[in-house]
Every structure is written in structure tokens, then in C-alpha cells.
Amino acid sequence: MTYTLEKIAEQIGGKVSGDGKIEISGASDLQNAQKGHIAFLINNKYVDQARSSQASALLLGKDWSDFDFDIPTIAVENVYSSLADLISIFDVEHSGDFHISSMASIARTAFVPDNCSIGPFAVISEGATIGEGTRIYGHVHIGKNVRVGKNCLIYPGTKIYRDCILGDNIILHSNVIIGSDGFGFAPLKDGTFKKIPHIGNVVIEDDVEIGANTVVDRATLGSTMIRKGVKLDNLIQVAHNVEIGKNTVIAAQAGIAGSTKLGENCQVGGQAGIVGHLNLADRTLIQAQSGVTKSTKKPDTKWYGSPAIDYDNYLKSFAIYKNLPDLQSRILKLEKLLDQSRSS
Amino acid sequence: MTYTLEKIAEQIGGKVSGDGKIEISGASDLQNAQKGHIAFLINNKYVDQARSSQASALLLGKDWSDFDFDIPTIAVENVYSSLADLISIFDVEHSGDFHISSMASIARTAFVPDNCSIGPFAVISEGATIGEGTRIYGHVHIGKNVRVGKNCLIYPGTKIYRDCILGDNIILHSNVIIGSDGFGFAPLKDGTFKKIPHIGNVVIEDDVEIGANTVVDRATLGSTMIRKGVKLDNLIQVAHNVEIGKNTVIAAQAGIAGSTKLGENCQVGGQAGIVGHLNLADRTLIQAQSGVTKSTKKPDTKWYGSPAIDYDNYLKSFAIYKNLPDLQSRILKLEKLLDQSRSS
Amino acid sequence: MTYTLEKIAEQIGGKVSGDGKIEISGASDLQNAQKGHIAFLINNKYVDQARSSQASALLLGKDWSDFDFDIPTIAVENVYSSLADLISIFDVEHSGDFHISSMASIARTAFVPDNCSIGPFAVISEGATIGEGTRIYGHVHIGKNVRVGKNCLIYPGTKIYRDCILGDNIILHSNVIIGSDGFGFAPLKDGTFKKIPHIGNVVIEDDVEIGANTVVDRATLGSTMIRKGVKLDNLIQVAHNVEIGKNTVIAAQAGIAGSTKLGENCQVGGQAGIVGHLNLADRTLIQAQSGVTKSTKKPDTKWYGSPAIDYDNYLKSFAIYKNLPDLQSRILKLEKLLDQSRSS
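Protein chains in written order, with the working numbering: chain Y, 860 to 1203; chain Z, 860 to 1203; chain H, 860 to 1203.
Where hints are given, some of them may not hold.
Put simply, identical chains are the same to the list, so a pair is met inside one copy or across any two.
Claimed, not checked - Taking lysine to any residue pairs in the SDA-like style, the calculated list, with each CA pair at most 20 Å apart, reads:
1. K1161 with V1134
2. K1181 with L1191
3. K894 with S1082
4. K1053 with Q870
5. K1181 with T1152
6. K1054 with D973
7. K1156 with G895
8. K904 with D927
9. K1181 with I1168
10. K1009 with K1054
11. K1003 with L1197
12. K1105 with T1051
13. K1003 with I948
14. K1192 with I1179
15. K1161 with A1178
16. K921 with N902
17. K1053 with V1108
18. K1161 with F1177
19. K1161 with L1144
20. K866 with V1134
21. K1105 with L1047
22. K1048 with D1141
23. K1053 with D1027
24. K1157 with L1144
25. K1009 with S960
26. K1181 with D1171
27. K1054 with I1030
28. K921 with V875
29. K1009 with G1135
30. K1053 with I871
Treat the hints as calculated values from the structure; they're not laboratory data.
Given the sequences, and given the hints that come with them, work out the whole structure.
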């Protein structure tokens, strides 16, 4: 399937310079672009690479239109955002007809509309409801009374425990677990633990994407909440009764302990941890591998370290940490000097 | 389904004050409790919240019975433990009849009793044995010669490799992996690695619960051992030939490297790591994100940091770490002063 | 099944001392060895344990043949490497006939040769190709147009998204995810994020082994590359467009962020993290829990800490870190002394 450059510019809302009639067969980065491809220029330090690229056309920011290229270009406001649209044009995976596999196990009391897809060996349990336009791939488990909204993509192997509620336009990657029991036990006098049952659920609002093998535990009572537009990477732990605010983004292998509330538009780095029962304000930034142990009231703060402290503070301390042997030598020298001066 | 407050008190072993005849329809926390619910008071700092709650009854510790509430109460010895029992009353998920799905794949040489459940698309391999009262959900893989005890709950997607042995009353959450090969390779002279086969197994004793997406590798030879009453959270790594002692509790995303032995009633924080071939004494406490690199002989020690040192020691050092720039300035000032005093 | 000691020595290429006619029924470590077993001596500090072992024979390095044992021995060049061969003799799991389950879902346009195995409830999608001698267990998802080479082992529950390419002799443990979308979003002015589609793939070369629940994301465009002989442990995150060089070994729960390139024969410790867009030279060693934030040009360097610095440097600084309270006291003492000496 090919598209003219003009047609692409029209779809992504950009302005063509040069020959808009050329046919484009795919999108690529500068390095791997071949004849027929449109490549993209994210940063003007790659201008030279763009000039020597094999690409037939170039997507770039409108501020960079002054650069003179031999090949036609499409200039856009926001390269990253238009890049998403550009790649979508060549991504045909999830279009196509809907199909409900005869090898799925669908309970009689489940509601499954005609215009959705259910893959082979998927299980849709009693009382579950699937929205129109949603695609559920093979090996997915939809528990009792789960509600899945419209136009969701649920990849192979994802398991959703009973009673959880999902909004629209949600993407769950393979083997995501939604609604497993929280880690709650009452310690008994003999050193053993009694399980606290978890009869709450997980609520996921619209436009959320969750990466492969990430786990979101159900609430003990009430709901673990993933708000609208949240993006979670792979292998993340979200404990029981956590609430993650709108548009917050969390990188791979981070973990949020029980009952913690994150504000809106926070960013949590990979492998970071946040202890339980905290409140983090909007737009809190947490550096990768940090361990947050305190609530924050002020928005827009940035944290680093384990335990996490102010980001700049951490970096200043770390700069000295690297030279601690030197610092120790200076103290030793001072001690000797002072000792000399006092004994002289 | 509703129960009288009296009936609930009888079941959880508590003492009613006020009207024991009222009907209770559910359990909830103070904040979200509605009319008809029983809420619980875990900590006396929430007394005001309890007074303004919509709950119709209250579960509290018997030491707090002096507090005067307008609604009936049940007083108990241990709130956490009774809370578990209380919630169980309203948790009807895993009761009900047993059912063996016609869409499961059950080998002819497997032993599956009548009073157990096997979900759709589960695989029970040759020579496997399932105990009475055990519920195996869909998409579970039970490998060759695996033995699963009585009254276990094995959630959708869990995979148990061949020859592993599970006791009674075990809960494995979705996509837990039991018995995958350990990470063992013999380095060869040409820089490549030769796989060391793993022909041992995993043995899990009674009353263990393992969280979603956690992995327990099989032993090279012999057994990886998870002792009675151990509780593992989600996304944990337990390497080959590890032994985890009775009633030890490990939080999410922690990792235990090969052949390490943890004592009884240890507590390991989230994202902590323990290197291989160590022995940790009973009741060792490991702070979240710590990296333990040494064995301990004395029980009841507490560790923090990477590499981990004594907990209090770490906190004292970290308090100074945060002010290293100040410390450096003080040294610089001393140097100048001493320089002045020597040159004067 | 038993083998004479002579026969075992012949298969693993070792030299027998003592009675080569004895029958050996299994391999074991020194501690757990029983009569009829051959145990192994990895390190000469275990010589005493070897003498008191119940084993009927011993595998040891040829340099240690001087030690005098009462039981027959096999002496070899490289104990670890021969141990792998020794255990293989008693590992019969993955031999046996090939079998394609009638309960698998195999697309009509998929290519599945006769001499391979496909387990129950596996899904082989349109256009996929499976190599000869490959064993695909139950609940595996092979996406559209995926190519799997020869003699691979793909354990239950593994999911491979569309268009990914696997070489020969690859082992993927249970619930590995290959080819999930990378974590890429274009931030919009209103605080929301637009998904960047991922239309690249993952390419895995020959002789790679990947541990349970590990995730390898597909490239935005182009390929995420796992080179020949790479070994990945469990629960690892490999982000989009990463390249991992030949024979590199990565321990459990480590994470590599987007577009980073690791050289050949690197070793990454457990729970370590590497930020995106870096280049690490060949044979780089990264200590467990470290956070690498800079590229390296020189091979054979070793890193520790978060952010990671030179390994020895980190250890020296940490040795002083542990005693920071003492260092602070010395400074305080110096200040007092200097204050006295100046005021006197």
C-alpha cells in the first residue's frame, strides 16, 4: 500500500515542500530509511544524517524548514505528535473485520456484541460485558461481572479478575494482570499470617495503556483507581487501593505500594519505588531507581535517591560522594596540621 | 445477602455493644461506608472519621470500647485478624460447586478427583495429581508429574513446570511461574555459554500465597524450597536452589539470587535484592530497595542500603549524605583558616 | 535408567580413576547425593564434604586429581562445562516424539512442519512459520507472520507478537513477551499523550535463552535486536529499539531503556537499570542494582551505584559513607580545636 506525499500531509496536517505527488510506501528512521520511505528529523543535530539518508521524503518541524533538503518535506508543528499519526498510516494491524472465535469460552450470561473480536481460547465469564469495537485476543481471561468498554485492545494472555471495570480506548498488553488480591495479611501471635480477603476491585478509566506483565492489584475494599490517560510501562507493580492521577506516566519496573495516591501528570522513572499510604502532588517527577518515602503537597517537585530527596540536592551530594576518599584525606591532613601547630 | 450484627460477631468471635439485630449487607472502610455496611477502626486517630461515617456498625479493638459511638459496635482482640474474617463473610467468590471444564486438556494418566475444579483451556499433564477441594482456573498449565495438594487456588494463566510439588491451602495468583530453569551457564573459552540443565524441582509447603507474575525457578539438582506459610507478593524473582524459611514475607519486585537461604519470619521490602549463596538468620528485616551482600548469623537484625548495612547506621550516614555540600564547605573553611593561621 | 561410570566419562570427555564399571543412577550435589549418584566438586574447599558424601562417584577438575578419594572419580578440564553435559545425561524432558495437538489453533496459512510439537491451546497465526525440531508448548501465542527457527523450545504461555523473527536453538521460558509495543508517546499541549504506534519488530538470533516473564518490546521502526548467544534471566525489561550484543548475560529484574546498545560479552547484574540512548562497549560489567547513565567507549570497565560510577571508586566511597557520622565528628572536633587555638 502506498500513499502520495500530499495525501500523507493532508492526513497528518502538515505542509509539503517539493514534489507532493511522489508515492510513499513506508515510514522509517533516518538510518534505516530506504527508497520510497518517509523518514523523520526529530532534532536538528541529525541534519547531516538526513542529507545522506536514502529516504524519499522527510517529516520535520516547521521551524526547521529553512534547512535546504534535496528531497520533498512535510513540515509540521509538533514532530513527535505527527510522527505518531504518520506511523499509524502504515500500521494496519488492528483494523479489519471483527471475529468471535468458535474456540473461545463465552458464558451464556456474558454480553458480547457482534462488532467486537474474541480470540481463540479466550474466556469470557458469567455476567461480563464487552463493549463495541473492542478486540480481545487469545488466552485472555475476563472474570465474572467484569465490564470492558468500547474500542479496547486486550492482548493475548491478559487476565482480568472478577468485578473490575474498564473504560473505553484502553490498551492492555500481553499478560497484564488486573485485579489480583492485594498483599494484605494480619500477623498472628504464633508468627503466622491470616489472609485479608480482597473484595474491592480495579477501575481503569478511558485512554489508559498498560504494558506487558504489569500487575494492578484489586482494593481490599473499594477500588484501585487508574485515572484517564494514564500510561504504564511493562512489569510495573500497582498495589491495592492505589490511585494514579490523570495522565501520569510510569516507566518499566516501578512499584507503587498500597493506598498511595499519585496526582495528575506525574512522571515516575524506571525501577523507582513509592512506599504505601503517601500522597504525591500533581506533576511530581521521580527519577529512575528512586525510593519515595514522604508525601508531597507542592506540585512540580523532583526527587532522586533512596530514600528520595530533592533532585538537585541529591546530585550535589552525589558529586561529593564520588570524591569521599579525597574529602577524608583532606580531613586527615587538617588533623595532622592542627596537631603539629598545637604541639609546636 | 445480609447478616445480623450478632451473627457476624459470633462468626468472628467479637462482643456486640448496641443493637445486634440490625442487618449488615457489606464491609467497607470508614470513608466509603454506606448505610447497611460495617466499617472498621484500625487506629484511634480515625475516631472522628468513624463518628461521621455513614456506616451502620463498627468493628473495633476491645481497648477502644470506651469511645462512645452512636452506632452498634463489635469489639475484638485483634482488629486486623478479625477484619480478615469479617471480609471473608462477604467474599463468596471461591465457594460454590466444583466443576471440571470439558474444554480442559487432562491427560489420561493424571489424577483429578471429582471434588475439584478445572477451568477451560487448563492443561493437566501426564502423571499429575490434583488434591480434593483444589480450584484450578483457566489457562493454567500443570506439568508432568506435578503434585498439587488439597484446597489450593490456582488463578488463570499460572504455569507449573514438571515434577514440582505443592502442599495444601496454597494460593498462586495469575501467571505465576513455578519451576522454570535456573539461570546457570558454564562459560566456555570462546566467550559463549553452555546451558546447565536443571533437573531439580520446586517444593512449596502448605499455606503459601504467591502474587501475580512472580517466578520461582527450579533447582539445578535437588529442590528450591518455599516453606510453610511464606507469603510472596507480585513480580518477585526466586532463583534456583533458594530456600525461604517458614512465615517469611517478601514484598513486590524483590529478588533472591541462587542458593540463598532465608530464615523463618524474615521480612524483605519491595525491590530489595539478595545476592546468591547467602544464609540469612531468622527474623532478618530488609528495607525496600536494599541490596544484601553478606550472610547474617544473628537473628533480628535490620538492613538498609545497596550494599546493605545496619539500618540505623545507614540512616545516620544518609542524614549526613544529604548535607555533604555543607560538610565540604566546612572543610574548605577549616583549610583556609588553618592556612591563614599558619601564614600569620 | 542407569549408566556405567565409564559410559558417562566417555560422553562428557573425562578420565576415570577407580572402578569404571559401577552403575550411576543420577547426578547430585555433595550434600544431597545418595548411593548410586555421581556428585561434583566445584571448588577444592569442599574436599572434606566430598570425602563424607554418600555419592558413589565424583566429577572433579583434573588439577584436583591428586586428592585421594575412596570412590571412583571422573577428571575433566572444565568442571562447570562438564557438569552441564553430566546433568544432560539424566535430563530426558525434551526428547521424545513430536506431536501436534488437535486442540491447538493453527491458521491455514501458517507453516508447521511434521517434525515439530505444538501443545494444546497454542495459537499459530496467519503466515507464521515454525522450524523443524521446535517444541511449542500449550497456551503459546505465535502472532501473524512470526518466524520461529529450528530446534527451539517455547514454554507454556509465551506470547510473540506479529512479525517477530526468531533464529535456531532458542529457549523462551513461560510467559515471556516478545514484540509488545514500546513505551512511546508524544506529549500534547493539554497534558495528554498521543500513542506512537510501533510497527517495527524484534529479531532474536540463534542460541538465545530468555527467562520467565521477561519482556522484549518491538521497535518503533526497525528492529529490537537480541544477538546470538545472549542469555536473559527472568522478569527483565528490554525496551524498544534496544540492541544486546553477542553472548551478553543479564541477570533477573534488570531493565534496559529504549534505543540503548550493549556490546558483546557484557554482564549486567540483577535489578540494574540502563537509561536510554546509550552505547556500552564490549565486556562492560554492571554491578547489581546499579543505574547506568553514561555511554562507555572503552571495553572491560566495571560500574556500580546509582548513578553508576567506576566500581572500585564506588566501593571506596561507600566505605567512607558507612562512617560519615565519624567523619562529621572529626570535622566538628577540628572546628572546635581551631576555634580554641584562634581565641587563645
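Status of the hints after comparison with the structure:
| no. | hint | in the structure |
| --- | --- | --- |
| 1 | K1161 with V1134 | both (16 Å within a copy, 18 Å between copies) |
| 2 | K1181 with L1191 | both (18 Å within a copy, 17 Å between copies) |
| 3 | K894 with S1082 | between (52 Å within a copy, 18 Å between copies) |
| 4 | K1053 with Q870 | between (58 Å within a copy, 15 Å between copies) |
| 5 | K1181 with T1152 | between (24 Å within a copy, 15 Å between copies) |
| 6 | K1054 with D973 | neither (41 Å within a copy, 27 Å between copies) |
| 7 | K1156 with G895 | neither (53 Å within a copy, 35 Å between copies) |
| 8 | K904 with D927 | within (14 Å within a copy, 68 Å between copies) |
| 9 | K1181 with I1168 | both (18 Å within a copy, 8 Å between copies) |
| 10 | K1009 with K1054 | between (36 Å within a copy, 18 Å between copies) |
| 11 | K1003 with L1197 | neither (77 Å within a copy, 75 Å between copies) |
| 12 | K1105 with T1051 | between (39 Å within a copy, 8 Å between copies) |
| 13 | K1003 with I948 | between (37 Å within a copy, 19 Å between copies) |
| 14 | K1192 with I1179 | both (18 Å within a copy, 16 Å between copies) |
| 15 | K1161 with A1178 | both (18 Å within a copy, 19 Å between copies) |
| 16 | K921 with N902 | within (12 Å within a copy, 59 Å between copies) |
| 17 | K1053 with V1108 | between (35 Å within a copy, 12 Å between copies) |
| 18 | K1161 with F1177 | both (16 Å within a copy, 19 Å between copies) |
| 19 | K1161 with L1144 | within (5 Å within a copy, 29 Å between copies) |
| 20 | K866 with V1134 | neither (50 Å within a copy, 37 Å between copies) |
| 21 | K1105 with L1047 | between (39 Å within a copy, 14 Å between copies) |
| 22 | K1048 with D1141 | between (41 Å within a copy, 16 Å between copies) |
| 23 | K1053 with D1027 | between (37 Å within a copy, 15 Å between copies) |
| 24 | K1157 with L1144 | within (12 Å within a copy, 33 Å between copies) |
| 25 | K1009 with S960 | within (19 Å within a copy, 30 Å between copies) |
| 26 | K1181 with D1171 | both (16 Å within a copy, 11 Å between copies) |
| 27 | K1054 with I1030 | between (32 Å within a copy, 10 Å between copies) |
| 28 | K921 with V875 | within (10 Å within a copy, 73 Å between copies) |
| 29 | K1009 with G1135 | neither (33 Å within a copy, 34 Å between copies) |
| 30 | K1053 with I871 | between (57 Å within a copy, 13 Å between copies) |
Comparing the model with each earlier hint shows violations of hints 6, 7, 11, 20, 29; every other hint is respected.
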